[in-house]
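K.L.:
Now for the letters of each chain:
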Amino acid sequence: MQYAISILLSGVSLGGQYALIAIGYTMVYGILRLINFAHGDVFMVAGLMMVYLTASLPLAAAIPLVLVLTVLLGFVIERAAYKPLREAPRMSVMISAIGVSYLLQNLATYITGGLPQMYPEIPGISKTITIAGAPTKVVTVVTPVLVLVLVLALTQLIHHTKVGMAMRAVAKDFETAQLMGIRINAVISVTFVVGSFLAGVGSVLYFTNYQSIVPLSGSLPGLRAFVAAVFGGIGSIPGAVVGAFIIGLSESIIKGSNWSIFSDAFTFALLIIILVVKPTGLFGEKVTDKV
Amino acid sequence: MKQTSKKSTWMTLLFVAALLAVVVILENVLDPNKNIMVFTALKKGAVYALVAVSMNLLNGFTGLFSLGQAGFMLLGAYTYAIMTIPAAQRDAVYYIYNGSAINFSLPELFGGGPVGLVLGVIAALILGGCVAAVVAWLIGLPVLRLKSDYLAIATLGFGEIIRAVFQWDKLGPVTNGANALKSFPTFSNFNIQNAGGETVLRLSTFMAFLLAGVCIAVIVLLINSTYGRAFKAIRDDEVAAEAMGINLSRHKRLAFVISSFFAGVGGGMFAMFANQAQAKTFTTAMTYEILLIVVIGGIGSVSGSCIAAFLYVAASEWWLRFLDAETFIGGVKVPLLRNGFRMVVFSVVIMIVVLFFRKGIMGDKELPDRFNRRRKEGAAK
Amino acid sequence: MSENVLKVENVTMQFGGVVAVDNLNLEVNKGEIVALIGPNGAGKTTAFNVITGVYQPTNGAVWFQGEKIVENHPQGKMKQQYKGEHAGDYPQVLAPTPDKVTRLGMARTFQNIRLWKSQTVFDNVLIAKHCRATSNVFTATFRLNRKEEAQQRENVLELLETVGLADVKDELATSLPYGKQRRLEIARALAAEPQLLLLDEPAAGMNPQETEELTSFIGGIRDRFHLTVFLIEHHMNLVMKISERIYVLDFGKLIAKGTPAEIQNDKRVIDAYLGVSEDA
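Protein chains in written order, with numbering that gives the first Met the number 0: chain A, 0 to 290; chain B, 0 to 380; chain C, 0 to 279.
No lab work stands behind these hints, which were simulated from the structure alone.
We treat Cβ as the ideally placed atom computed from N, Cα and C, and that holds for glycine.
Be aware that a few hints might be false.
To give a feel for the contact side, a few chain B residues facing chain A, derived at Cβ under 8 Å [said to hold, decoys possible]:
#, residue
1, I121
2, Y149
3, L209
4, G212
5, M342
6, S346
7, F356
8, R357
Pairwise CB distance ranges (calculated) [what the hints assert, rightly or not]:
#, chain 1, residue 1, chain 2, residue 2, range
9, A, D172, B, S147, 53 to 59 Å
10, B, K146, C, L93, 24 to 30 Å
11, B, D368, C, G75, 30 to 36 Å
Hey, can you work out the whole structure from these sequences and the hints?
P.N.:
Following this line, the structure appears as C-alpha cells:
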C-alpha cells in the first residue's frame with residue numbers, strides 16, 4: 000500500500016514535470032509544425048545553469064536568473080536556427096533542430112567535462128516528508144499544484160490576450176495570419192519564450208528530484224514529454240498536460256515493476272500505437288489534405 | 000546521351016577499382032600501428048558511408064524521413080555477432096549466462112579456414128541484413144502511413160524499443176544481455192598471415208571498402224532502375240505518383256525494407272570495425288550522426304553521402320583530435336582546448352552547414368554529373 | 000449500341016454536412032470526348048477524384064469498362080448525416096486506391112500541374128511507365144530487365160515526339176513554359192497506357208492561342224491512341240469545339256446534359272453561369 004502510494008506520488012510529480020516540457024513541444028508544433036528536438040536540451044541546460052549559478056549566487060537570485068537565461072536561450076535558438084529556414088522544407092528545419100540539440104549536448108559535455116553535476120538543494124522543496132506513510136519530497140506535492148497554476152495562467156494568456164489570439168491565428172493558418180498583418184516572427188518568439196520558461200520551471204522541479212545532471216539528461220525526458228504531447232493531441236495544451244500525467248504515471252509504475260528496463264520502450268510503443276490508431280491524439284484536431 | 004551514361008559508368012567503375020587498389024597499397028606500405036588514426040578513419044568511414052547511403056535511399060530518394068537507422072544497425076550487428084562467434088569462445092563471451100543458447104558459428108559451418116571465414120562472414124552479414132529487413136517489413140505496415148515528422152519520431156522510438164529488448168536479461172543466452180558480444184571475426188581477420196604468424200598482406204581496410212562498395216553499388220543500381228525512379232516520383236509528388244499507378248504503400252515499404260537491409264549489413268560491418276557489438280552503442284545519437292552525414296553530403300546524392308562519411312569520420316576521429324588536447328605554445332596554454340572541445344567545434348560546423356549550405360557538398364547531384372558538366376562547359380568554350 | 004467505358008451511378012460525395020456531389024449519373028462511351036462543365040465549386044474535381052479513387056464516395060458506384068470498380072454506402076456517422084438518395088442500393092464496399100484505378104486503364108491530369116519537379120521531361124514520362132513494368136525489384140536492380148527497359152525508353156521517346164516535346168526531353172520538367180508543362184502532363188498520363196483519359200482543366204491559365212493548339216492536340220491524341228476522353232473545362236471555346244457531349248454540374252447536381260448545341264441554348268445552364276465571370 001505504502002509502496003503503491005509512493006509510486007503514485009512519484010508518477011504524478013513526474014507527470015507534472017513532463018507536462019511543463021510537453022507544453023513547449025505542443026505549442027511550437029502547433030505553430031511551426033516542427034518537432035523541436037532541442038527542447039529537451041534547453042531543459043537540460045537550464046538545469047546546468049542552476050548548478051553553476053548557485054555556486055556563486057544565493058538561491059533567491061539564481062532561480063529567477065536561470066529562468067531569464069533559459070527564456071533567452073529559447074529565443075536565441077529560434078532566431079538563429081529556425082527563423083532563417085522559414086521558407087525551407089520542413090525536413091531542413093527538423094534537421095536544424097537536431098543540430099541544435101547535438102550542439103547543446105556537446106557544449107554541455109565540454110563545460111562539465113562529461114561528469115555528472117550535483118543539483119543544488121533548494122530549501123523548502125528538497126525536504127523529505129511523509130504522506131500516508133510513504134516518504135517523499137515536498138517537490139512531489141508542489142509540482143502538480145504549480146503545473147495547474149501555470150497551465151491556468153497560460154490558457155488565460157492564450158484565450159484572453161491579444162498575443163494569445165495572434166498565436167491561435169498563426170496556429171490555424173500561418174499564411175493567412177501573415178496576410179492579416181500579424182507579426183508572425185514576434186508570435187513565434189513569444190511561443191518559444193513561453194515554452195522555454197515552462198521548461199526552465201520544469202527543470203528546477205525535475206532535477207530537485209533526480210539530483211544529478213549529465214549532458215544527456217535532457218534527451219529522454221524531452222522525448223517522453225514529446226510523446227505525451229502527441230498522446231494528448233499535438234497542438235492542444237490540455238492534451239499535453241493530460242498526456243504527460245499518463246506518461247508519468249505509467250513510467251513510474253513500470254519502473255517500480257520487474258519490467259523497468261522496458262519503461263522507455265513502453266513509452267515509445269505507446270507512441271507508435273497512438274500514431275497508428277489515432278494520429279490526432281486524445282484532443283487533437285483532424286487535418287485533411289487537399290488534392 | 001546513352002553514350003555518355005555508359006562512359007560515366009565505366010569511369011565510375013575505374014575510379015572505384017583504383018580506390019580499392021590505393022587502399023591495399025596504402026595499408027601495406029604505411030605501418031598501421033603507427034597510423035592507427037588513418038585506418039580507423041578509413042574503416043569507420045567505409046561503414047558509415049554504407050549506412051549513410053542506405054539512409055539517403057530512404058530520406059533523400061524516397062522522401063521518407065526515418066530515424067530508425069541505429070535500430071536496424073543494431074539488429075544487423077547482433078545477428079552478425081551471434082552467428083559468427085566461434086563455438087569454442089562462446090562460454091567465455093556468455094560467461095554471465097553460463098554459455099550461449101546458440102552453439103554453432105557460420106564460419107565453422109562453412110568448414111573453417113580462409114574459405115569458411117569469407118563465406119561465413121558474408122553469410123552472417125547478409126543474414127543480419129535480412130533480420131533488419133524482416134523487422135522493417137513488419138513495422139513498416141503501420142508506421143509508413145504516418146506523415147513526415149510523425150514517421151521520424153515513430154522510427155526513433157522503434158530504435159529505442161529495439162535497444163531495450165536487446166538489453167533484456169531474459170534474452171541473455173542469445174544477446175548476452177547488456178554486455179558486449181565479442182571474439183567474432185573482425186576486419187583484421189582478413190589480414191593474410193604466413194605460417195609463422197607474420198602478416199604478409201594486410202587486407203582489413205580493403206575488406207571494409209570492398210563490402211561497403213559492393214552494397215553501395217547495388218543501391219546505386221536500384222536507384223537508377225525503374226523502382227528507383229518510382230521512389231523519386233513519390234518523393235517529388237506523392238499524389239501524382241499514386242495517380243500514375245505507383246502503389247504508394249508497396250513502394251514505400253520496399254524502400255524501407257531495402258534501406259533497413261543495408262543498414263543491417265552496415266551494422267554487422269560496424270561490429271567488425273568495433274570488435275564488439277553492444278546495444279548501448281546504437282543510440283539515437285548514432286542515427287543523428289548518420290543523418291548529419293547525409294545532410295552534409297547532400298540529401299539525394301550517393302557520392303555526397305560517401306564523401307561526407309569519410310570527411311565526417313576523419314574530422315571527428317582524426318583531424319580535430321588536437322582540439323581535445325591541452326596544448327601549450329611557448330609556455331602559454333592555448334585557451335579553450337580541452338576534452339570535449341572537438342565536438343563543440345564540430346557541431347558548430349554542422350550548424351553552419353545546415354543553416355548556410357543547405358544543399359550540402361553535392362546537392363542532389365552525383366560526382367560523374369559534375370565532371371560531365373565541366374566537360375560540357377569546356378566544350379562550349 | 001455504343002459500349003460505355005465509364006459509368007457513374009448515383010454517386011453522392013458528402014464532406015460532413017456539405018454535399019459536394021449530389022446523386023451524379025453520367026456515362027462516357029468508347030471513343031467519345033465528353034466534357035464536364037459548371038461554375039467554380041460545382042463539384043467537378045470532386046467527381047474526378049471519386050472516379051479515380053482519390054475520394055471514396057459516400058454513396059453510389061462507378062463502372063469502368065463494364066466492371067464495377069467503386070462502390071460505397073453511407074457508414075458510421077454518415078448514416079445520420081446522409082442527405083442523398085439511393086442509400087440502400089449499394090451494399091458492397093469497393094475502394095480501390097488511385098494507383099489501382101490507373102493500372103485498370105484510366106489516367107488523369109491535375110488542375111494545378113503536378114509534375115515531378117526534380118525530374119527531366121523524359122524521366123517524368125518514363126516514370127509513368129513504371130506501372131506497366133513486369134520486372135520485380137530484384138530483376139530491375141540487377142538489370143535483368145534490359146529488354147523491357149529499352150522498350151520503355153523507346154516508347155517514351157516516340158510518345159515525346161508525338162506530343163512535340165522530344166527536343167526538350169533532357170530539360171527539367173519545371174523549366175518548361177506553362178503550355179508545354181500542361182502538354183507534358185498529358186504525355187505522362189498517356190504513358191500509363193490508358194483507355195480513358197481524364198483531363199482536369201487542361202486549358203487553365205492558357206492564352207487563346209495556346210488553347211487553340213491544345214484543342215487540336217486533344218483531338219489528335221484521341222484518334223492516334225484510340226482513347227476516350229473525359230474532361231473538365233472552363234474554356235467554352237474548347238469545350239464547344241471538341242466535345243461530343245457535355246454534362247453540366249451546379250452545386251453538385253447535374254442540371255443539364257446534351258450536345259454542345261443543346262447546352263448552349265439551355266436556360267438552366269445560362270442561369271447557372273450568369274453573373275459569373277466570362278472565363279468561368
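K.L.:
List in ascending order the numbers of the hints, as given earlier, that are violated by the structure.
P.N.:
The structure conflicts with hints 1, 3, 4, 7, 9 and 11, although it agrees with all the remaining ones.
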